[in-house]
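For reference, the chains in residue letters:
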Amino acid sequence: MRRRRDTLKNPEQELRVFRMRSLLAVLVVLILTGLLGGRLFYLQVVQHEVYSTRSEKNRVRVEPLPPTRGLIYDRNGKLLAENRPTYNLTLVRERVDDLDATLALLVELLKLPDEEAEAFRVRSRQRQRPFQPALLMSDLDEAQIARLAVNRHRLPGVEVQAQLLRYYPDAETMVHALGYVGRINAEELAGLDSGNYAGTHFIGKSGVERFYEDELHGQAGLRKVETNARGRVLRELGHTDPVPGRDLTLTLDSELQKLAVELLDGRRGSIVAIAPATGEILALASVPGFDSNQFVTGIDVASYRALQENLDLPLYNRAIRGHYPPGSTIKPFMAITGLKEGAITPGKVIYDPGYFQLPNDSRRYRNWLRWGHGRVDLERALAVSNNTYFYSLAHELGIDRIHENMTAFGFGERIAHDVQGQSDALMPSRTWKRGRFNQPWYPGETLSVGIGQGYLQVTPLQLATATAVLANRGEWVKPRLAQRIGEQEVPVDLPDTPADIELGNETWWDSVYSGMEKVVSGREGTARRIGRDLEYRMAGKSGTAQVFSLGQNEKYNADELKERLRDHALFMAFAPVEEPEIAVAVIVENAGGGSTHAAHLAKAMTDAWLLDDEAPDSDEVREALEREDDRVAGD
Amino acid sequence: MIWNELTRGLRSHPVKPSLSGIARRRSLWERIHLDPWLLGMLLVLMLAGLVVLYSASGQHFSVVTAQAIRFGVALAVMVGLAQLSTTTLLRWTPLVYVAGLGMLVAVELIGDMGMGAQRWLVIPGVIRFQPSELMKLAMPMMVAAWLSRQVLPPRWRDLAVCAVIIGLPVALIARQPDLGTSLLVATAGVLVVVLAGLSWRFILFCGTLAAAALPLLWINLHDYQRQRVLTFLDPESDPLGAGWNIIQSTTAIGSGGFWGKGWLQGTQSQLEFLPERHTDFIVAVLGEEFGLVGMLAFLALYLLIVGRGLWLAGAAQETFGRLVAGSIILTFFIYVFVNVGMVSGILPVVGVPLPLVSYGGTSSVTLMAGFGILMAVNAHRRLLPR
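Protein chains in written order, with the working numbering: chain A, 1 to 635; chain B, 1 to 386.
Just so you know, these hints were derived from the structure itself, not from any lab.
The reader is advised that the hints may include incorrect statements.
To list a few chain B residues with every Cβ distance to chain A over 10 Å, as calculated [unchecked claim]:
# : residue
1 : VAL63
2 : GLY102
3 : GLY257
4 : GLU288
5 : GLY326
6 : VAL340
Among chain B residues calculated to face chain A with C-beta under 10 Å, some are [unchecked claim]:
#  : residue
7  : ARG91
8  : TRP92
9  : ALA186
10 : THR187
11 : GLY243
12 : ILE247
13 : LEU264
14 : MET295
Okay, the calculated bits of chain A under chain B, using three or more residues with CB under 8 Å as the criterion [unchecked claim]:
#  : stretch
15 : 205 to 211
16 : 222 to 229
17 : 239 to 248
18 : 300 to 309
Each residue gets a CB set at the ideal place from its N, CA and C atoms; glycine is no exception.
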């Protein structure tokens, strides 16, 4: 380092330069500080509101408090749907040091197969926020809870959480009347009030659970909490209690419902009972049922497939969605229609040669008794279930008037007030046929409808409803399942109740009742066997619905047919005749004739409802069934 | 010899003749070679910093204690360095510079990996040490030492030498990679040259060259460095990742408003939304809890310190001391500006702590060592005829 000699250092000048530069530096420092000050002013004064809001959003989290779902009782206060505490295994990932070891230990403690560890691992990732527990397994049993409790110290971050789950004590029996709840799916979520359902995992999927979802669900509450950046809740800032859902008291009588299911004894079929004066549905049974509790926790694929592939269709609610030709059970309603339209009077007599022929048509529409019933008036026509009488009546009325009057009884309509998923089945008309097949209506089709065959289809609920209206002398009360919502009674008169049916002569009702009484009590009555030890007056009508049509001159033997091609047995009844308390519709699929295979079930129902005695137990009924089996009779 | 110098001020000096020829006793401050104004302001800053740190640490008193101890060490270093004469500093400068270079090379070869970059030199059980911190002081001193022997303003040949003195350590630090520190070290060196009277034409020329070289620099950046720049330009592009820090810090500052939420009341900081809240981002805690008022008060304090520092530098008798002091105090300001600018979102995120407020020992010691040298430069005057 050789010092430069050509110029001399000038300390004065160096100092001057330094001071100039320092002054400049001060200027730059002031400008830069001004820049910072300006930025801070912008953030803290100009944009303060924006950042204030953002900071609040950061720290405050609103947690929903789901309401407790309302309970469901039957008319006698028996619990049909309750909320049962269950225990779920959850895991907070942030609190677990060694996930593999913890999961392995859990699988060992819960005595699960080793593969479950992998499923647990997948589930432990399924959550939206840090410090939110992930659900590993639901519905732990007591032994599992105990083993977890003992090993608690080895399982940091693992918790057993209590949760209320819907539970149906009599699931198999009640499912088609009650419906059930299940996990909310994406489709349902889109249509829901996201605020009110924020903490709710279950929603009514069918039946009463679905129809009264709003009432049963209640109003969600919320809890404002302060959380730190990792999502850990530090303290509660505010609290709004949830409003629990309202309890529901149904019109169902669970004993009667149980009896209905037992009476069907595993056969496919349905029994619906209604109190005519109030429209209260007392029983709404569809067999087979299934265990709806499986659907609450989430049914496994194999079980669900088994249910779906079951030929007896347990998931299918026959009571409200099953379409059956009513067969001869339509005849009392045809009779009322005939009387109302002036086509017949109770005294009008026709001669039955065993068949009916349309003018200019060679085809013979047969009575079930090949040689005919001879002279038949209205009451006898009902008692012996004469087809020729009703062919003739139907022909005289024509399909238009039949359609109009049958619709007035609720056929082809969805009348019931709160029955979720009820079907309108089919009350055919000219317009319907034109639209459906683009064909005109043929007179022969009117005859089929007249005896409850052809295109005509009804649901058991419709049949029971029409029977109740018939028993009421035409006065309409809408059938309903809910008696009380919370403390609030469901009124007898509901909006959109159909117009009452009025006859020119009040005694004509009694004529029809009389004919129906003779069905069970008359000498010639098709179901006279059940009338032998009747302790009250009962009006009824049997029906046999053909599953497939027979050719012109064929006669068949039920035994030779495959079981599923056999006729459906139907019976409708109400009792006591002078002041009806119960109307029943019974349908037993592929059982054969209604008078033999359905009538006694209807009587068992009315007995149970009207007599103080204990309801007949299922053994007695089975014996009765066996006794009746030997007997073959037409309707 | 150093010991002699260190203790000279404390030994009672015989009465020396003053400029006017009238004998007077030197004041205590003069004897211990400290500037009371600067020291006072630094102490106020440290105390205020500890108050903020207590809140920023999540109210852990142990953190405050640890920081106070480091401040103690830093003050001791400052007082010690203040006792050295300019001559001694000048004599030792090349040695320290070369040693620093050697250590940077050592880091390059055997350095400990920390945070994905080699920055630390570790003698197990003894010390973890960042040679780049040493360079923050040694390099500008080396530049000043060189220039002070030359006739100023510097000529081309002098500038070439300065470029080498600055370039070597900067390149080594940048390789670690620690772009932020390398730029700051480079700035400290360049400031010396500028203060020495670098011609404006040359500054303009370099500025243009630097602007032209920007794309080249971009290509050579590490991914995380590029990410930082991109995030700076648009923090919302990655709100949960790289943008998180900036979003949360601006939210903290902005939500503080004019008066602030109050000490220990900042939700952003107390609830840990703010990252690095007790180190690089501590100013966000300050802004949130003490508002614009608190921020401006701190900025004012920093400005006063810088002003006093420049005053002392300007009062120095020798070019070497003057240049070193000027560079030190301006670098100090740059730390403040870069830190506050980054946390408030007008500069990209670089790892620069807020001087004497952020938690951290090394930077406090380096800063206070700088102030020690600044005071030494000021205190050791030779009696020159005016």
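Now for the hints, and whether the structure bears them out:
1. Every CB of chain A is more than 10 Å from the CB of VAL63(B) (nearest about 18 Å), matching its label as outside the interface.
2. Every CB of chain A is more than 10 Å from the CB of GLY102(B) (nearest about 20 Å), matching its label as outside the interface.
3. Not every Cβ of chain A is farther than 10 Å from the Cβ of GLY257(B); the closest lies at roughly 5 Å, contradicting the non-interface assignment.
4. At roughly 8 Å, the least C-beta separation between GLU288(B) and chain A is not larger than 10 Å, which violates its mark as non-interface.
5. With 10 Å as the threshold on Cβ separation, the claim that GLY326(B) sits away from chain A is violated: the shortest Cβ distance comes to roughly 6 Å.
6. Interface exclusion of VAL340(B) from chain A breaks down, the closest Cβ pair being 5 Å apart, not more than 10 Å.
7. Taking 10 Å as the C-beta cut-off, the interface hint given for ARG91(B) is violated, the closest approach to chain A being about 14 Å.
8. Interface restraint check for TRP92(B): the shortest CB-CB distance to chain A comes to about 16 Å, outside 10 Å, so the restraint is violated.
9. The interface hint given for ALA186(B) is broken, as the beta carbon of that residue sits about 17 Å from the closest beta carbon of chain A, more than 10 Å.
10. Given hint, THR187(B) at the interface with chain A, is violated; its Cβ is 12 Å from that chain's nearest Cβ, farther than 10 Å.
11. For GLY243(B), the suggested interface contact is broken, since its CB lies about 13 Å from the closest CB of chain A, more than 10 Å.
12. The interface hint given for ILE247(B) holds, since its Cβ lies 8 Å from the closest Cβ of chain A, which is under the 10 Å cut-off.
13. Of the supplied interface hints, the one on LEU264(B) is violated, with its beta-carbon coming no nearer than about 14 Å to a beta-carbon of chain A, more than 10 Å.
14. Satisfaction of the interface hint for MET295(B) is found here, the shortest Cβ-Cβ separation to chain A being roughly 5 Å, below the 10 Å cut-off.
15. Counting residues of the stretch 205 to 211 of chain A whose C-beta sits closer than 8 Å to any C-beta of chain B gives 0, which falls short of three, so the coverage hint is violated.
16. Proximity of the stretch 222 to 229 of chain A to chain B, defined as three or more residues with a beta carbon under 8 Å from a beta carbon of that chain, is established by the 4 residues found.
17. Counting residues of the stretch 239 to 248 of chain A whose C-beta sits closer than 8 Å to any C-beta of chain B gives 0, which falls short of three, so the coverage hint is violated.
18. For the stretch 300 to 309 of chain A, the stated coverage by chain B is violated: 0 residues have a C-beta nearer than 8 Å to a C-beta of that chain, whereas at least 3 were required.
Figure legend: structure checked against the earlier numbered hints; hints not met, in rising order: 3, 4, 5, 6, 7, 8, 9, 10, 11, 13, 15, 17, 18.
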